[in-house]
Amino acid sequence: MQMIYEISRPGRRGARLPLSDVPPAPALPENLLRREAPLLPEVSELEMVRHYTNLSRRNFSVDTHFYPLGSCTMKYNPKSLENVSGLFASAHPMTAFLPGGDSLVQGALELLDGLGKLLAEITGMAEVCTHPLAGAHGEMTGIMLIAAYHRAKGKRKRYVIVPDSSHGTNPASAAMQGYEIITVPTAPYGDMDLELFKEAMNDEVAAVMMTCPNTLGLFNPHVAEICDIAHEHGALVYCDGANLNAILGRVRPGDVGFDVIHLNLHKTFATPHGGGGPGSGPVGVKRGLIPFLPTPRIALRANGTYGLQIDRDRPQSIGRIASFFGNFGVMVRAYAYIMMLGREGLIQVSEQAVLNANYILARLKPHYDLPYDQHCMHECVFSAGRQLKQGVHAIDIAKYLIDRGFHPPTVYFPLNVKEAIMIEPTETESKETMDAFIEAMIDAAEIAERNPEELRQAPRTTPVSRLDETKAAREQNVCLA
Amino acid sequence: MSNTSYCPNTPEEIREMLGVIGVTTVEELFGAIPADLRTRSFYLPPGMSEFEMTRHVSSLAEQHPRDIANFIGGGYYDHLIPAVVDHLAGRAEFYTAYTPYQPECSQGTLQALFEYQTAICRLTGMEVANASLYDGATAMAEAAMMAMRVTDRDKVVIDGCVSPFYRQVVRSYLANLSVEIVDIPPRGGIIDRPGFASAVDERTAVIIVQNPNFFGSLDDLGDLAELAHAKGALLAASVYPVSLGLVTSPGEMGVDIVTGDGQSLGNPLSFGGPSFGFIATGKKHIRNLPGRIIGETVDREGRRGFVLTLQAREQHIKRHKATSNICSNQSLCALRGLFFLVSLGREGFAELARLNYDKAEYAKSVFAKLPGVTVLNPGTTFNEFTLALPKDAGPVVERLLAKKIAAGVPLGEWYPEMRNCLTVTVTEKRTKAEIDTFAHKLEWQACK
Amino acid sequence: MTETYYSKEHEWVRVKDGIACIGITSYAANQLGDITYVELPRVGKGVKQFGELCSIESVKAASDIFAPVSGKVVKVNEALEETPEIVNESAEDAGWLAWIEMADLKELGNLMNFEGYDEYLRGLE
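Protein chains in written order, with the working numbering: chain B, 169 to 649; chain R, 4 to 451; chain L, 1050 to 1174.
No lab work stands behind these hints, which were simulated from the structure alone.
Calculated cross-link-like contacts (lysine-lysine; reagent style DSS-like; alpha-carbon spacing at most 30 Å):
#1 R:Lys158 <-> L:Lys1094
#2 L:Lys1124 <-> R:Lys286
#3 R:Lys451 <-> R:Lys394
#4 L:Lys1094 <-> L:Lys1065
Derived coverage of chain B by chain R (criterion: at least 3 residues anywhere in the stretch with Cβ under 8 Å from a Cβ of chain R; other residues may be distant):
#5 186-192
#6 289-298
Partial list, derived from the structure: chain R residues whose beta carbon lies under 8 Å from chain B:
#7 Thr57
#8 Gln120
#9 Phe274
#10 Leu358
Everything numeric in this text was worked out from a predicted model, so none of it was measured.
Using N, Cα and C, we set each Cβ at its ideal position, and we do this for glycine too.
Using the sequences provided together with the hints, build the complete structure.
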């Protein structure tokens, strides 16, 4: 398929702009005037629509295919959310900062405040800040809050502890803020080894970062104890809330002992994934960390209106971590989702998510190695270890699934499982769909025994197959010349 | 069980699944959770239908007046968005997909993002670009960190004419690291070149500027590039994408790392997000770029295709040694930016820049004639400019807001010596009539 | 014939006149897969035995390479900047990474010889 630049023809136009109703201004000075307009494509609107419509059809997506990417919570995105997100399209964020401006944006401020309070209740935290623009951004903000907390106590801690099963953003976020990482291995029971954790723990640890339930889809039976031990040493405990879908309405990380949490609205709260964003990663904190929350902070005034707290009144704030209030358009959707589902709906989400994952686990168990043989939560992790003996890797099974019309599960994560296959169906999938996926997985296992080469030939039904990633990395062509 | 949570399975199917698993209730599947960790409170409102939800959210949105004439910028700009942008970004195959980890079933997203990268390179005059960052402010912070990696130095010199919001974000990002950040206050509303000359030394990793700056002034950065390079430092500039249709590209000016916010390109104001940040640099620095990068390659039949590349830089491989912690970017917003640029096309985009320039220049000329009002910018501006009013700008803005005009950003909050100054933004959406009305009302509010 | 020594982290060393030529073993190169980039150490860099020396990237992984001996880096294999695949083709010969001016020849006693390394590899499988 051609690129848009390749179907471009000089002189073709798309959208027309209004004509100018002001006199033309004198030209820019020579040294500031661009000599040539940038080489953007020149196509008609029809050509553009055809190009991108056809391009989009090369994607698998939740709306077209079962998409059990473990750790990503690819649940259905209700269309009513799309409708409401556009209602605030023309709201300028700077209005809130103008004198008298906040009276013109009460609706948006109320929504943000409302969302924060709902998320605080859901997670068991005292307050939620909506600013982080993605999960990883939330993690970094959380680490910054923890650092500010220790600094305020006159302590300069050195380390952050993570389990070896953690998502890479955990150590990356901590390292970005100057901490050294201590990695604790996973015990045979599937979570951070408690004894090794106790050995690693010391008074120079700033934080322990855990995913709850963890990236293997398992709930750590010692999680409260780990929180206690961390607190005894003066460390705070951070919850990576990416897997919240498993425990909505059932466990609140705040109640367990976590001090900080980030949420992924594009996972748990059904906002679309967008092909890789935009997401939204609000951060929740316990009372003791509120003074450090980023600026600007929305406050409900005595007269019942919403306004922004003045920066001067919040001297301990870590400052700004984004320009405005966060990805507002994403947050409208999450707010609407929570409003629609309500208390009972959210509880039902975690029940059905966990049920669906365990159903898949039970049916695939005879065919794939299960590193942790117990009920899982919202996702199950298999290993293609058995298939490896025939020379078949997890990636080959993934490519075969594409031919069978399924987006593959996550493969090769978490790192502590060899040939990992992580399956998260989510609560929005029917038994029928899961049965079809299970059949395909069982077929893959059977083909691996009988004729492994067939899997290595997959996928055969897609426009391209087995792309040369080495060539891409070596040649680094990231832009059409 | 009410079906408000989009869970399709019937009680019968659920019973069947429980049977296969070997339990009688769903509750048993949560057995691993100790009883004392079960939630003590979950006070949420009861759910509602989509119709009631829409009514509720609409009632919030309706509180915002629709008919305000927007003359404010400050990082977010009121631009036209062709209908085709919403339409294509609304394709479910684009917006309900995720990160293209499996390239064979994600060529839609991958090729579109490659086309986006190409567009950014062409706009900025740089060799390589990534597939987007979160926004302009965090992109600037990432540029600072990137420059420190490239030069292995720990001093950042940043211009005081850079947006105060952006400078605050850079400071927050670097607060826990042993980095020296030097702010050079503005001189007459533009870069204090002598100030920079004395601040930049062999310890400096990067000089950071914004062009046009927060006051709207456009500058030729060539001499700053030379100053930086003479000391082995890099020059990073945050640019306004619409200006690139008319103004010399930062690449041509000698900038090493270009960043900016793509909101002006096809992303609605939406009370501050989402938009996207862009970053572009020279090919020699590609390994130090943060975020996702799409690369071109071939498959085993020799067919052209696109993949996520240089992933070894990223957090899922390098973990604590990654160039950044970024995982999700702002893919759909970047695609909106691409669709915007393609819809306008080469000629249309240049025309858009010209329209913005002409309208702002007209407004500037009208305001300059108001008694007691002066234009502070010493030279060229693009689409924003700063007025010095005869009185405190804050109350003027407040009174004009009541008259349905968002007059601009009063600067006193961030530049205490500029309490009477107002930065006004004029885009292609503002008509001559709106500008004339604004001038008339401004004269009444500020000059009498 | 100069003896080759091996570390547990799959680096090899050959010493001549107090200068150690070092690289990664074929086993390590195979484990990494197609190498896309070698981040060579800076000439003049001081290293400690088993401390971090540099890193090697493949498509799916980024591996730290550890110095098998202490000393100062005096030369690096610049050919690898353009053609990192040489390490895949000839890890223990043309794919050498660096020369280190050794601080202490006795450190070789902390490494394995060919038979020892061979046995070590068999133990890993």
